[in-house]
Amino acid sequence: MIYRETGQFKANYQDDQALFPIAQDRYVILAVLLVTFAVVPLLLNQYWLNAILLPFLIYALAALGLNILTGYCGQLSLGTGAFMAVGAFSVFKLMTAIPELGFIPLVILSGLITAAVGTLFGLPSLRIKGFYLAVATLAAQFFLIWLFNKVGWFFNYNATGMITSPPMTLFGVIVTGPSADPVAKYYLVAGFVALFALFAKNITRGRIGRNWMAIRDMDIAAELIGVRPLIAKLSAFAVSSFYVGMAGALYFAVWLGSAEPTEAFDINQSFLVLFMIIIGGLGSVLGSFLGAAFMVTMPILLKNIMVDGLGTDTALAAHIEIITIGVLIIGFLIVEPHGLARLWRIAKEKMRLWPFPH
Amino acid sequence: MIFFIEVVLSGLMAGVMYSLVALGFVLIFKASGIFNFAQGVMALFAALTLVGLMEKFGMPIWLAIIGTIAVMIALAWAIERFMLRPLVNQEPIILFMATIGLAYVLEGMGDILWGSDVKMLDLGIPQGASDWMLDSFDIYIEKLEIFAAATAAVMVTFLAIFFQKTRIGRALRAVADDHQAALSVGISLNTIWVIVWSVAGIVALVAGIMWGSKSGVQFSLSLIALKALPVLILGGFTSVPGAIIGGMIIGVGEKVAEIYLGPIIGGAIENWFAYMLALAFLLFRPQGLFGERIIERV
Amino acid sequence: MIEHKIGGEMLKVENISLSFGIMKVLDDISFDIKRGEIRSIIGPNGAGKSSMLNVINGFYHPQQGSITFKGETRKQMAPHVAASHGIARTFQNIALFKGMSTLDNIMTGRNLKMKTNLFWQALHIGPARTEELENREAAERIIDFLDIQAIRKKPVGKLPYGLQKRVELGRALAAEPELLLLDEPMAGMNSEEKEDMCRFVLDVNSEFGTTIALIEHDMAVVMDLSDRVLVLDYGKQLADGLPDEVRNNQTVIDAYLGIPHEQD
Numbered sequence: 001m002i003y004r005e006t007g008q009f010k011a012n013y014q015d016d017q018a019l020f021p022i023a024q025d026r027y028v029i030l031a032v033l034l035v036t037f038a039v040v041p042l043l044l045n046q047y048w049l050n051a052i053l054l055p056f057l058i059y060a061l062a063a064l065g066l067n068i069l070t071g072y073c074g075q076l077s078l079g080t081g082a083f084m085a086v087g088a089f090s091v092f093k094l095m096t097a098i099p100e101l102g103f104i105p106l107v108i109l110s111g112l113i114t115a116a117v118g119t120l121f122g123l124p125s126l127r128i129k130g131f132y133l134a135v136a137t138l139a140a141q142f143f144l145i146w147l148f149n150k151v152g153w154f155f156n157y158n159a160t161g162m163i164t165s166p167p168m169t170l171f172g173v174i175v176t177g178p179s180a181d182p183v184a185k186y187y188l189v190a191g192f193v194a195l196f197a198l199f200a201k202n203i204t205r206g207r208i209g210r211n212w213m214a215i216r217d218m219d220i221a222a223e224l225i226g227v228r229p230l231i232a233k234l235s236a237f238a239v240s241s242f243y244v245g246m247a248g249a250l251y252f253a254v255w256l257g258s259a260e261p262t263e264a265f266d267i268n269q270s271f272l273v274l275f276m277i278i279i280g281g282l283g284s285v286l287g288s289f290l291g292a293a294f295m296v297t298m299p300i301l302l303k304n305i306m307v308d309g310l311g312t313d314t315a316l317a318a319h320i321e322i323i324t325i326g327v328l329i330i331g332f333l334i335v336e337p338h339g340l341a342r343l344w345r346i347a348k349e350k351m352r353l354w355p356f357p358h
Numbered sequence: 001m002i003f004f005i006e007v008v009l010s011g012l013m014a015g016v017m018y019s020l021v022a023l024g025f026v027l028i029f030k031a032s033g034i035f036n037f038a039q040g041v042m043a044l045f046a047a048l049t050l051v052g053l054m055e056k057f058g059m060p061i062w063l064a065i066i067g068t069i070a071v072m073i074a075l076a077w078a079i080e081r082f083m084l085r086p087l088v089n090q091e092p093i094i095l096f097m098a099t100i101g102l103a104y105v106l107e108g109m110g111d112i113l114w115g116s117d118v119k120m121l122d123l124g125i126p127q128g129a130s131d132w133m134l135d136s137f138d139i140y141i142e143k144l145e146i147f148a149a150a151t152a153a154v155m156v157t158f159l160a161i162f163f164q165k166t167r168i169g170r171a172l173r174a175v176a177d178d179h180q181a182a183l184s185v186g187i188s189l190n191t192i193w194v195i196v197w198s199v200a201g202i203v204a205l206v207a208g209i210m211w212g213s214k215s216g217v218q219f220s221l222s223l224i225a226l227k228a229l230p231v232l233i234l235g236g237f238t239s240v241p242g243a244i245i246g247g248m249i250i251g252v253g254e255k256v257a258e259i260y261l262g263p264i265i266g267g268a269i270e271n272w273f274a275y276m277l278a279l280a281f282l283l284f285r286p287q288g289l290f291g292e293r294i295i296e297r298v
Numbered sequence: 001m002i003e004h005k006i007g008g009e010m011l012k013v014e015n016i017s018l019s020f021g022i023m024k025v026l027d028d029i030s031f032d033i034k035r036g037e038i039r040s041i042i043g044p045n046g047a048g049k050s051s052m053l054n055v056i057n058g059f060y061h062p063q064q065g066s067i068t069f070k071g072e073t074r075k076q077m078a079p080h081v082a083a084s085h086g087i088a089r090t091f092q093n094i095a096l097f098k099g100m101s102t103l104d105n106i107m108t109g110r111n112l113k114m115k116t117n118l119f120w121q122a123l124h125i126g127p128a129r130t131e132e133l134e135n136r137e138a139a140e141r142i143i144d145f146l147d148i149q150a151i152r153k154k155p156v157g158k159l160p161y162g163l164q165k166r167v168e169l170g171r172a173l174a175a176e177p178e179l180l181l182l183d184e185p186m187a188g189m190n191s192e193e194k195e196d197m198c199r200f201v202l203d204v205n206s207e208f209g210t211t212i213a214l215i216e217h218d219m220a221v222v223m224d225l226s227d228r229v230l231v232l233d234y235g236k237q238l239a240d241g242l243p244d245e246v247r248n249n250q251t252v253i254d255a256y257l258g259i260p261h262e263q264d
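Chains as they are written, first to last, in this note's numbering: chain A, 1 to 358; chain B, 1 to 298; chain C, 1 to 264.
No wet-lab data here; the hints were simulated from the structure. A couple of the hints might just be wrong.
[Said to hold, decoys possible] Straight line, CA to CA, 30 Å or less: simulated DSSO-like cross-link-like pairs of lysine-lysine:
no.: 1; chain 1: A; residue 1: K129; chain 2: C; residue 2: K158
no.: 2; chain 1: B; residue 1: K30; chain 2: A; residue 2: K150
no.: 3; chain 1: A; residue 1: K350; chain 2: C; residue 2: K158
no.: 4; chain 1: A; residue 1: K93; chain 2: A; residue 2: K150
no.: 5; chain 1: C; residue 1: K5; chain 2: A; residue 2: K10
no.: 6; chain 1: A; residue 1: K129; chain 2: C; residue 2: K98
In isolation and in its complexed conformation, chain A is listed as follows (with noise of 0.2 Å):
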């Protein structure tokens, strides 16, 4: 079947604000979601579903989240790295409180804690823009990550300061912990990340998804249109972060299962999201996803290159890896700054038009 929308007539305006107006993305998105949801838990074993799908599909909701932020209202943030923490000890501290509430509701009640701790963190935005409020999101990195450190009360006062996930069940199978099933962790994080999603490609559609985007574009046409800068761009920063939050708590309770502050939410989780949106696309549901698989697989796949491929000896493989992890972000940025969404919409209208160059 030949990509085209000839022929498919819209007869009003709800069918034009169809997610997806043309036929054959509908083909595309259900064969994802099916391949998504039946093939690939038969097919994949246990190494790809937890070294590589589980941290690529968590890491996806992150990159969502910042890319509300930084994509969609133009708030750019050092932050991420300590709001993924603010999720995974708000998790962790309700599921040693209240487990009877069931993993599900806990996780989104984690999103609900970081949205309210992000909020508060972007307070500056309303008076400081740019790299200034960049660095200022920097403060809540460097506290927050103390906080989780000093404050006994956050890892139930255990003598390692680690957390570590108590196993709970979803339908009777185990989800986090250290005995979790792969496939029903695999099932869990893939169904929240889809369903998130397709709440975040709405919110960014519609109304509020307008608004953040005015802000980001022209701030001050956007207050005199009628848009308030307070409203859009601490509802960017909840919105953000909530996602964000939930992100952390799945990273923590169902990937990792254990976690110390310093070291799994340090600085550089927050710039592996950040890179995630812009290699991804910024203002981009589908760059975030395309963002978090291209930054998960790569080191990966440079490592099996260099030390099992090539034996490289395995601590110059790590120098080669950063270089190469930096060389490739320049290179990328040089090739293509609008990111890998832009490349999948390009390649989509030259398909809209095949034979024809134009």
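Once you have looked at the hints, place chains B and C on chain A.
Coordinates of chains B and C only, in the frame set by chain A:
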């Protein structure tokens, strides 16, 4: 009281170090609008190169310093040629991300070239307490810190003269004020960028030497960049005096808080205190220490 | 000049003075705008015309004077309050949301008409969906009115200048304003585009009954369109009156018009 003065003095000295790193940031931001996240790693890289040249090639100090300056200039050239030029006219955030990429590259390169173990940097800078201060005022202060402060003062004076009096310096300021205007009177942006990144590289070398002499050359040196960032919010991204005064305020505030506030709330507060101080300050003066109020137009 | 439905006083500006530091931008300006009229503000560059509009919709806060809009007197109001009371505007240097499509820009202009909360928006069902569709219809009416159907889904940053100006007018109209402030809507246009824009301004005024405050440099356009003209020069009020009075006012001629402008 003596103890308090000691605390303040040592805060001032630490502040000078922050100022040195912040100065590198300001130079690049002023001339190109780029938020150079790699400034801290540049300090590490410069210090590593210096130690490497001395240890591996047995160079005398003066030759190693000249060699390192040459390396930093070559680096500036490479950065301009392979990173800035292809990225010209991109959004600031893209350039910022590119400098994070650069930080990764420099970090990896420094490790591969010179090894990742902690190295001592001994340039014969006097160590230990200043006897004179101890004898005359009963105040304990490190000679190294006095030396660092003096170096910073010389550095700033030198830069001020460079910007005010030399042709290149004036061209740099012209670029900072308006890229297009600078282009239209025939100033080559490419050359300007190489110069400004070279100067920032040399400033990074000085910062690297000071920190390296104090606590050895190691990876954590690149993290001082993170401590210099609050200085920027305080002093403004484009103000040289802002970087200096801001560094002092942060240095003193941090030391005082560490000594007097730290024990009360659990210690190790130096990682975030400077940020909170800068943020609190911003609430009252959003334009920073020396920034002017911006009149927004539509 | 068109004889039509000019009503009572809608906006009254009294003794407004505005300065930035030592620079006096507006000096004791007083005038009014009547419901339904097209009110032009002219003057050389730097006369304070744009600043006057910025004061009216609350972006600049004058040091002295007061503004009475629809019977309510204020010293100043926040921009979003002005917007919600029915003041919309376009800008001298186009201030569109460049990363968004024409349709999204116009829909953003309707943001004050939309109320559904985050929850419904995330689900995109029920009230959120209905609201989105209703407002889409309203936005499409404006798109039809301005004849920009073909660029509906194009990012505005890449549109030619004349079309951007038109989209910006569309975004302001989307709010269904009572008072529309137009800051040089025809600057940089060729005569054909100017004609189109003039027709839109007149149509907006007569069809929607929108009151219009217009800043424009093209004297022929100003004299043809306006009901009354206010002349500013270096922040001072030079003259105020009917187009013919202003045209023949000696002070205005000396300060601004120079020689009487070629007519028709």
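Hints, verified against the model:
A distance of roughly 26 Å separates the Cα atoms of K129/A and K158/C; the hinted pair therefore holds under the 30 Å criterion. At roughly 39 Å between alpha-carbon atoms, K30/B and K150/A are farther apart than 30 Å, so this suggested pair is violated. Distance restraint check for K350/A and K158/C: the Cα-Cα separation of roughly 19 Å lies within the 30 Å cut-off, and the hinted pair is therefore satisfied. For a cut-off of 30 Å, the pair hint linking K93/A to K150/A stands: about 16 Å separates their Cα positions.
Restraint check: the Cα-Cα separation between K5/C and K10/A comes to about 41 Å, which exceeds 30 Å; the hinted pair is violated. Taken as a hint, the K129/A and K98/C pair is honoured in the structure, with Cα atoms around 19 Å apart against an allowance of 30 Å.
Violation of the numbered hints given earlier is confined to hints 2, 5; the remaining hints are satisfied by the structure.
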